[in-house]
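Peer 1: Listed here are the chains, written in short residue letters.
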Amino acid sequence: MPFKETMKIFKKPDCLTKIPMRYCPGCGHGIVHRLIAEVIDELGIRENTVGIAPVGCSVFIDEYFDCDMIQTAHGRAPAVATGIKRCLPNLVVFSYQGDGDLAAIGTAETVHAATRSENFTTIFVNNAIYGMTGGQQAPTTLPTQKTTTTPYGRDTKIHGFPVKVCEMLASLDGPTYLERVTVSKVAGVLKTKRAIKKAFQLQLDGLGFSLVEVLSPCPTGWGITPQKACEYVDEVMTPYYPLGVFKDLTKK
Amino acid sequence: MPFKETMKIFKKPDCLTKIPMRYCPGCGHGIVHRLIAEVIDELGIRENTVGIAPVGCSVFIDEYFDCDMIQTAHGRAPAVATGIKRCLPNLVVFSYQGDGDLAAIGTAETVHAATRSENFTTIFVNNAIYGMTGGQQAPTTLPTQKTTTTPYGRDTKIHGFPVKVCEMLASLDGPTYLERVTVSKVAGVLKTKRAIKKAFQLQLDGLGFSLVEVLSPCPTGWGITPQKACEYVDEVMTPYYPLGVFKDLTKK
Amino acid sequence: MKAKVHIIESLCKECGYCIGACPKKILEPAPYYNQNGFHPVRITNMEECTGCSLCYQICPEIAIEVQKT
Amino acid sequence: MKAKVHIIESLCKECGYCIGACPKKILEPAPYYNQNGFHPVRITNMEECTGCSLCYQICPEIAIEVQKT
Amino acid sequence: MRQEVIISGFGGQGVIKAGVLLATTAMTENKHCTHFPSYGAEMRGGTANCSIIVSTDEIASPIVNEPDTVIAMNEPSLDKFEPKLKKGGLLIYNSSLISKKPSRSDIEIIAVPANEIAEQIGTTKCANMVVMGTYAAKTNAVSIDAIKASLSVVFAGKDKFLDINKSALDEGAKLK
Amino acid sequence: MRQEVIISGFGGQGVIKAGVLLATTAMTENKHCTHFPSYGAEMRGGTANCSIIVSTDEIASPIVNEPDTVIAMNEPSLDKFEPKLKKGGLLIYNSSLISKKPSRSDIEIIAVPANEIAEQIGTTKCANMVVMGTYAAKTNAVSIDAIKASLSVVFAGKDKFLDINKSALDEGAKLK
Amino acid sequence: MGIEKYKKGTKVLIKGNEAMAEGAVRAGCRFFGGYPITPQNEVPEYLSWRLFEVGGTFIQAESEVAAINMLYGASACGTRSMTSSSGCGISLKQEGISYIASAELPIFYANMIRGGPGLGNIAPCQGDYFQATRGGGHGDYRVIVLAPNSVQEMGNFPKLVYDLADKYRIPAMILADGLLGQMMEPVSFDFDWVDISKIPSKDYILNGCKGRERRVINTLHMDVDVLEKHNWHLFEKYNKIAANEIRFEERYTDDAELIIVAYGTAARIAVDAIVKARKEGIKVGLLRPITLWPFPEDVVAKLAERVGKILVVEMSLGQLVEDVRMFANGKSEIYFYGRPGGVVPNPEEVLGVIKRAMKSNIKAGEFCHLKKL
Amino acid sequence: MGIEKYKKGTKVLIKGNEAMAEGAVRAGCRFFGGYPITPQNEVPEYLSWRLFEVGGTFIQAESEVAAINMLYGASACGTRSMTSSSGCGISLKQEGISYIASAELPIFYANMIRGGPGLGNIAPCQGDYFQATRGGGHGDYRVIVLAPNSVQEMGNFPKLVYDLADKYRIPAMILADGLLGQMMEPVSFDFDWVDISKIPSKDYILNGCKGRERRVINTLHMDVDVLEKHNWHLFEKYNKIAANEIRFEERYTDDAELIIVAYGTAARIAVDAIVKARKEGIKVGLLRPITLWPFPEDVVAKLAERVGKILVVEMSLGQLVEDVRMFANGKSEIYFYGRPGGVVPNPEEVLGVIKRAMKSNIKAGEFCHLKKL
Ligand SMILES: Cc1ncc(C[n+]2csc(CCOP(=O)(O)OP(=O)(O)O)c2C)c(N)n1
Ligand SMILES: Cc1ncc(C[n+]2csc(CCOP(=O)(O)OP(=O)(O)O)c2C)c(N)n1
Ligand code: SF4
Ligand code: SF4
Ligand code: SF4
Ligand code: SF4
Ligand code: SF4
Ligand code: SF4
Ligand SMILES: [Mg+2]
Ligand SMILES: [Mg+2]
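Chains as they are written, first to last, in the numbering used here: chain A, 605 to 856; chain B, 605 to 856; chain C, 9 to 77; chain D, 9 to 77; chain E, 121 to 296; chain F, 121 to 296; chain G, 12 to 384; chain H, 12 to 384.
Honestly, the hints are just simulated from the structure, not real lab data. Even for Gly, the Cβ is constructed at its ideal location relative to N, Cα and C. Honestly, I wouldn't trust all of these hints.
So the derived list for chain B, only partly shown, Cβ under 8 Å to chain H, looks like this [claimed, not checked]: (1) 674; (2) 675; (3) 683; (4) 690; (5) 691; (6) 840; (7) 843.
Using 20 Å as the maximum straight-line C-alpha spacing, the simulated EDC-like pairs for lysine to aspartate or glutamate come out as follows [said to hold, decoys possible]: (8) H:370 with H:291; (9) A:616 with A:645; (10) E:204 with H:359; (11) A:801 with A:835; (12) H:221 with B:771; (13) E:200 with G:265; (14) H:383 with G:234; (15) F:204 with H:236.
Just so you have them, the derived chain A footprint on chain B, three or more residues with Cβ under 8 Å [unchecked claim]: (16) 707 to 718; (17) 766 to 773.
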């Protein structure tokens, strides 16, 4: 039933403002935004939600989401989310973070919010690159992938191995739900939405920390066309970052 | 063969200075220091070694080890080790860190040195507490354990779950060797020494990142006698933090 | 006509995702430019559209609206 | 005498680890204080000592030296 | 001699590269030059522009407030920089993407259908070279040949585009 | 009236607590008081000391440079603070752990075998109360009874030690 | 009220750190995020149970960086929040403080200064004056800096901090040192228990957009004109604070021939020295800035005009003295005496310095560094 | 030498950031640890391949905090090392810089200032002057701050930075902005390629204790006397640097009736304004501090005595101006004109300000903030 959440009319969800999004052609961020907004609309929680913008290409989401928003220092969204959620536990809080933000500078904040099982939801957009600053190596950059700071390709001997966030967080007792999805094809988009919805739902149920990792195309950072970028997601990223549920304490 | 590395005379190893150690009665740090020094002596690498002191009760190890030493900012030993080892790869570099240092403030540095598989050795002394600052909760503090900042005991619902460092790092591709040991009894002490020796040896062989996690008594921080502290290690800590090898790429 | 598809041309960035996703292959780039310098996508044959909304689902710009009729 | 055990009394902090570890139970705290206010450990019967060095291995202060003879 | 130029357009239209090319050419001709890029409020898909000063004298401030020439590759750029143009200055605009007409009458105006010309040559990517050709031919600030010589420096390692870019310069020059 | 006291010993000998007790007692007697703890260069197993000022007037600086009384619980403390003692001041030292004799002749000296007495009472932990007893009895800066009354405030929740501490105070007082 | 621990006016003997922590709770603090560091550990330790009692939140953060960003969140949703640290930890918070200053959120943070630089030591020091008053973080911003000099003020100032922070939407801090943090003195809180339900609600906080326009808290302003405007707005605010919120204490200044300028612990030492000096007939007075920013500039300027000699006493290599030099504006001789690295000078020593300064005859406007003898 | 990219004197058109990066390599840099941030990304991007070419190490660190601590290690073992960042990132490095200052290790770091506070924007700005010159980190320490104002200087200064850093065992930095970093100008390196094997070896570095006593690098000095001594030692060093290493540029000051004090980008704008003013017969001169710390205090003092009016022009709300006020010491009228938030003033605008200042008649020693019209 791919259309379980079908509405008669498919159009911009209420939880997004009218402001056009400033992403490059084919960027995955826009798709993920729409899915989050649809979930918020469907759960009817827009007026009760606070969203947290990271530093990265999605730093402007405070303009796009039509709910209370806060933009934070690079990597610190989990700490800010913690501050908000602990003070006003009835709010729905989500943080939206890129791979540089979440898995490099924000590693400690991510791990510790997860291990504390803070009751908020993280949407983690993994595009294997620092998009905003011009395509530098990310912690998730794939072996041999060229970036502006790995001009000869990521060499694991020199630059080390990519960080697999879901796998790493799954080793902790804190997180409740961890899933990796992709938006390179429509099927993935629909799956991503289900994952996001589940994550929000379990926050509403007070069950603790959830994170949805979305493998997402960055045509500009990768220096290829949008179509090729989606192929790259499917053919290169997904084999390295297997899709699936890495932890689900609701299934016990 | 528990006495493989037996010398005829058992006394303070050469790689320790004459300065008496300033730890509380029954503190595990002293045992671990001795083991590292013995390993350095046995491998004959004292004149080629740089040790890195953390911030924690062991901040004074730069006085105890009779080799080049550097004392670093809280949590940043892995970054400093990276700087040194990358510049002078022929040195033997070890960092010595507590659980607050390594698994709280230094989480990002630890994870990333590990994922980059920096070729140095980390000795990680897990005593489930911030010893130096007066017994506050550590990331590794056990559920229900009382500390000066969890006066009613660590409640996982409020304070979150302990971080299991070996398990977490084992989820990364970078590390070469990860083992958890204990110094609560002589058998553990001997095993700890073997683990440390192995870690140093594989650094000498250029094989990458190694970490030995030592469960260690902190009678003062735990507010109990030394003997009771060792029992606590065996009866409470070890069940929560299982001993053993969590990763060993040399075994392939 | 099973569905109505409305493309907000000013938002389209010519990524081509919808074109690839449409099972009916009824989407194509227009020959002209929009204000941002892109050839916006247009629908060639509304009659064939099934209203499956795959184009909507994949569009990063939410430049496509689909209404089942 | 199989071994000689030397205890550096000034270093001992009376943790008692060696006492517990000694299979021969020949270690005990002295009745007097050392300069740091601890009752240092002393050996009651050197003859029985096997030189197993377990006391050395567990002593956090490296206050014990063992020499097999 | 002193020429202050602003080239402006979408990120991706190569306006920065065009500016670098101009400055490099000026340097090879032993003139003083500065090039300063500036990215608008929008990181991605937003506008970008650069200011180039070419002068026979030392250049203090590299900021261009009253340009001698504005090259506008899209409509927002026209809106932003037309008013700043010096009286009697030169406006070159990309008529492929700009449908409205410039409003000032005290300046010289050249409409260049840069995208169309570039697409004819082979790729819209060389639209920037088309307008550069027009600019150079019109102002003689630098010679077309000198620009061509600089191409291999600025686009080092991308030789396959050399010919396309040269044609674009030539086509643009025709529109002076 | 103004009394400046330094109590010094190993970390773990309870010197800080003893100082707090003194200051608390002074406060209950409506005197001005300050208590300032200081930990030596060694965090663990090192020395600790505290400075207490009790005064009928306002106290500006809480730092004690020339104490009226020094209570030294171990040898390093004796070495460090004996020379600072005011001429004619009072030195109380823990003869259980200090074998050497104080060297000054211009001060009053009381040797208290605090550890031994404390062990007899039940635990070395109350050695600090033994010397406090001596101090109070000797100087009358605060009364033994007032100290006893403060015990339950300072050791709140540790009632089982109350009696031991009271005995220690009494035993110490005998040595004045 | 069951959660009120000490009645207003009740005298208790507690440490400065505990007085500050209790004062914060009393003033409405309901969120603390912090990381242990000596000499302020009594603050988190106290709040770990005290905030629990009053229904607030205590989090021992994974680092100082996380802690300050937790405050960013807590205060963004309207909670009176607090963090405290020392030395290294305060340095790590600078990015976050810059954000909070830009976002105009009220927070309370405390620096119990220890000896620096680097790991330094844990002794009382005043080496972080520059960092506090000049914004150790990036960009043009200021924070309100209050410098108590007694356990009593440690207990009372948190209320002032929160009121100022809320009024001006600005980070405000207490700058003290290990001596003021760890010293015990009798203290009685001089303000009523704050009922947090009665704190006026804030029209910028994030608590869900039900029944109102959505709100955004943001420090990114890509458009330079917008960011410039924001900076000028901050500037006006800073001017307003400087016009209204300067606090200081003058003692014995009326007939003084030399003014000591000192704050916090150094000011306490100075008072003893001044009393001694006056006993010897030397007319010395004290200016104790209580707000280090905004700095009592006019007071310094006027004293400089009137009194020929100013002696700045600091537990540092000389930081406060730069403000004094700037505002004395060449009108007075300026002497400086500093003890860095965790040394607390003693009154006799300061008396000696006073005498040296009295005997010196540099010109007005000149500056003389009276180093340790 | 195969690894030398540009011959000394060869003219190339490159960005300021690239000039600085190449200048660093040329001066012997063999370790870079950094984290991307606009507007300095060209530095790591350039060094990611350039250091590889010369056999050095480039690491993109997990954060700015990690990066600065990598430098602590790299420089502890004797490598000329570098990091660069902007705004938020520099704030995060403050703890590490304080450690490195205390440990007396030579490092090179650069701040390409962007608009602040908070995330601000990526435009050229001078709002981090306080942070750079007053030590944004904790404790009493200083770093050498060099402020280039052209791509040429961006390329040449790294050599000076390393030489000074090595000579005095001190962190040294380049403070510039996005304009100087991203602007292209012809540059020709004016110093010879540094053969790193010929850099004098350092007697404090850690490289294994073979054949010598072990060495320790440490910033913890629990004994206050030891830490105080260390602080006075640093103080003496800072005085020596202040005595020997002040650099500045004076232009048109001989007959000037008004002196503009400005550095970096603002100084370039000022030159255009001065030229325009002189065309109108207004006698204006420029003092451009090149070392911001040590600050050219005597020069300011002398100019203040001689010239009646000083106008400080800054791309900030007013930071440099505090140094000028302090050292002018009441001798001159002080005017200030600032544009914060990433706005670069234009020469006409500054000319207008010059005229206003010329017409004003405040008293010497008074301070006038000439706000944007
Ligand atoms: C403390 C700090 N360091 C660095 C930056 C610069 N910066 C902005 S975005 C970014 C990386 C963004 O990458 P990612 O999180 O993967 O997001 P993406 O742009 O790829 O979506 C960096 C390094 C910053 N703003 N603050
Ligand atoms: C940036 C910074 N934050 C905090 C501190 C204070 N501090 C010193 S040691 C320590 C914790 C030590 O705990 P751990 O690492 O577990 O070592 P242990 O003492 O238990 O061996 C802390 C928080 C510091 N020195 N620097
Ligand atoms: S750079 Fe990449 S992530 Fe950023 S907007 Fe462009 S495509 Fe998206
Ligand atoms: S506090 Fe704990 S870790 Fe520290 S020295 Fe004492 S026993 Fe050891
Ligand atoms: S709704 Fe389906 S059939 Fe219609 S245009 Fe979109 S993808 Fe094609
Ligand atoms: S998916 Fe959207 S943006 Fe992409 S081509 Fe289609 S309509 Fe345009
Ligand atoms: S060597 Fe063995 S037998 Fe001898 S004292 Fe030590 S533990 Fe006991
Ligand atoms: S193990 Fe060492 S320190 Fe402990 S009692 Fe025995 S000799 Fe003393
Ligand atoms: Mg990314
Ligand atoms: Mg620990």
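Peer 1: Identify every previously stated hint that the structure contradicts and give their numbers, smallest first.
Peer 2: 6, 7, 11, 12 and 13
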